[in-house]
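> Chain by chain, the residues:
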Amino acid sequence: MPGDDRLERLFAAARAARPDTARAQYGFETRLLARLRVEREPSALWAAWTWRLIPAFAALALALGVWNYAALPGPDNDPAAAIAADFDRELVAYFTGK
Amino acid sequence: MTEARPEPADERLVAAARAGDDQAFAALVSRHKARVFGMAARFARDAQEIEDLAQEIFLRAYRKLGAFHGAAPFEHWLSRVAVRCCYDRLRKRRREGVRVPLEELELPAAPDPGAEAAREVLEYGLSRLKPAERLVITLLELEERSVREIAELTGWSEGNVKVRAHRARQALKKVLEESHAW
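Heads up: the protein sequence lines correspond to chains A and B, in order.
All residue numbers for the first sequence refer to this note's numbering, where the first residue is 1 and numbers rise by one.
All residue numbers for the second sequence refer to this note's numbering, where the first residue is 1 and numbers rise by one.
Be aware that a few hints might be false.
[Stated by the list, open to error] Derived SDA-like pairs (lysine to any residue); straight-line CA-CA distance at most 25 Å:
hint	chain 1	residue 1	chain 2	residue 2
1	B	Lys33	A	Ala34
2	B	Lys92	A	Leu36
3	B	Lys64	A	Ala56
4	B	Lys92	A	Ala58
5	B	Lys92	A	Pro19
6	B	Lys64	A	Ala48
7	B	Lys33	A	Ala16
8	B	Lys174	A	Arg37
9	B	Lys33	A	Arg35
10	B	Lys64	A	Val66
11	B	Lys64	A	Arg9
12	B	Lys33	B	Gly97
13	B	Lys33	A	Arg37
14	B	Lys64	A	Thr50
15	B	Lys33	A	Arg23
16	B	Lys64	A	Ala58
17	B	Lys64	A	Leu53
18	B	Lys130	A	Arg15
19	B	Lys173	A	Arg15
Because the hints were derived from the structure by calculation, they are not lab data.
Keep in mind it's a predicted model, so treat the numbers as computed, not measured.
Model the full structure from these sequences, guided by the hints.
Spelled out as structure tokens, the structure:
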């Protein structure tokens, strides 16, 4: 197919166009080891882990929020609220005589 | 007369690097950087990205040195790491929507394009393919790797590589024809 021939010619020409990386390779080991040392520093490790743990902490906060909301006692089954309401009623009855 | 000392094998350098010897790792880098830069150049757009990608490949290799058990030569293992890194870079670029605009191309007028013009046209087309399609075309057609090699490098089956390569060629042809870039 003509399109395939053109594609083959394009590939063949592009294969010959490998960029010269000789200059970029000069001193590469030094730059790489410098970056490696920076990454090994405790502060860099701490920062990297902090960023990585953000989704986990966000999920934990969300889960705690949901759990807290679900675990909140309703007005009917909260014993402390019931005692307080009884106390209020008794107090009002005592003072009003009803 | 002093005899030239033989170069330590890659496996010995890996063992030393894992034990914390940075100079051993530097020796490994020095030995394999030309090949890594060559591969990075096939996927990167400019000199800065080639450097970034090459650093990323070696840093990932360093972090994963513990997973190298010497079952295959270090060079093959490093190539797999490099391919994985390049693939991840392509996927990241795809997520960011980075593409070569048509206006930036200097289109070849002759039927047989010059090497640099061909590279630009191909970069335009490849930047519009899916990451896996670009990866397989680059390895197969530009790096001239065999289907079996690509299967080993990517972890895909040979059949899968062939199917992806066929689809990638069709997609590339379509992109180039629609853009009138060739």
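> Taking the hints in turn, state whether each one holds.
Here is what the structure says about each hint:
For the hint linking B/Lys33 to A/Ala34, the alpha-carbon distance of about 16 Å falls within 25 Å, and the restraint holds. A distance of roughly 23 Å separates the Cα atoms of B/Lys92 and A/Leu36; the hinted pair therefore holds under the 25 Å criterion. Restraint check for B/Lys64 and A/Ala56: satisfied, since their Cα atoms lie roughly 24 Å apart, inside the 25 Å limit. Among the hinted pairs, B/Lys92 with A/Ala58 is consistent with the structure: their alpha-carbon atoms are about 24 Å apart, no more than 25 Å.
For the given pair, B/Lys92 sits about 23 Å from A/Pro19 by alpha-carbon distance, which is consistent with the 25 Å threshold. A hinted pair counts as satisfied when its Cα atoms are at most 25 Å apart, and B/Lys64 with A/Ala48 qualifies at roughly 17 Å. The hinted pair formed by B/Lys33 and A/Ala16 meets the criterion: a straight-line CA distance of about 20 Å does not exceed 25 Å. The suggested pairing of B/Lys174 with A/Arg37 is violated, with an alpha-carbon distance near 47 Å, which exceeds 25 Å.
For the proposed pair B/Lys33 and A/Arg35, the alpha carbon gap of about 16 Å is at most 25 Å, so the pair holds. Between B/Lys64 and A/Val66 the alpha-carbon distance is near 39 Å, which puts this suggested pair outside the 25 Å criterion. For the suggested pair B/Lys64 and A/Arg9, the alpha carbons sit about 39 Å apart, so the restraint of at most 25 Å is broken. Among the hinted pairs, B/Lys33 with B/Gly97 is inconsistent with the structure: their alpha-carbon atoms are about 29 Å apart, more than 25 Å.
At roughly 19 Å between alpha-carbon atoms, B/Lys33 and A/Arg37 fall within 25 Å of each other, so this suggested pair holds. Between B/Lys64 and A/Thr50 the alpha-carbon distance is near 21 Å, which keeps this suggested pair within the 25 Å criterion. At roughly 12 Å between alpha-carbon atoms, B/Lys33 and A/Arg23 fall within 25 Å of each other, so this suggested pair holds. Straight-line distance between C-alpha atoms of B/Lys64 and A/Ala58 comes to about 29 Å, which puts the hinted pair past the 25 Å bound.
Annotation: proposed proximity of B/Lys64 to A/Leu53 holds, straight-line Cα distance about 21 Å (limit 25 Å). For the hint pairing B/Lys130 with A/Arg15, the CA-to-CA distance comes to about 21 Å; that is within 25 Å, so the pair holds. Distance restraint check for B/Lys173 and A/Arg15: the Cα-Cα separation of roughly 18 Å lies within the 25 Å cut-off, and the hinted pair is therefore satisfied.
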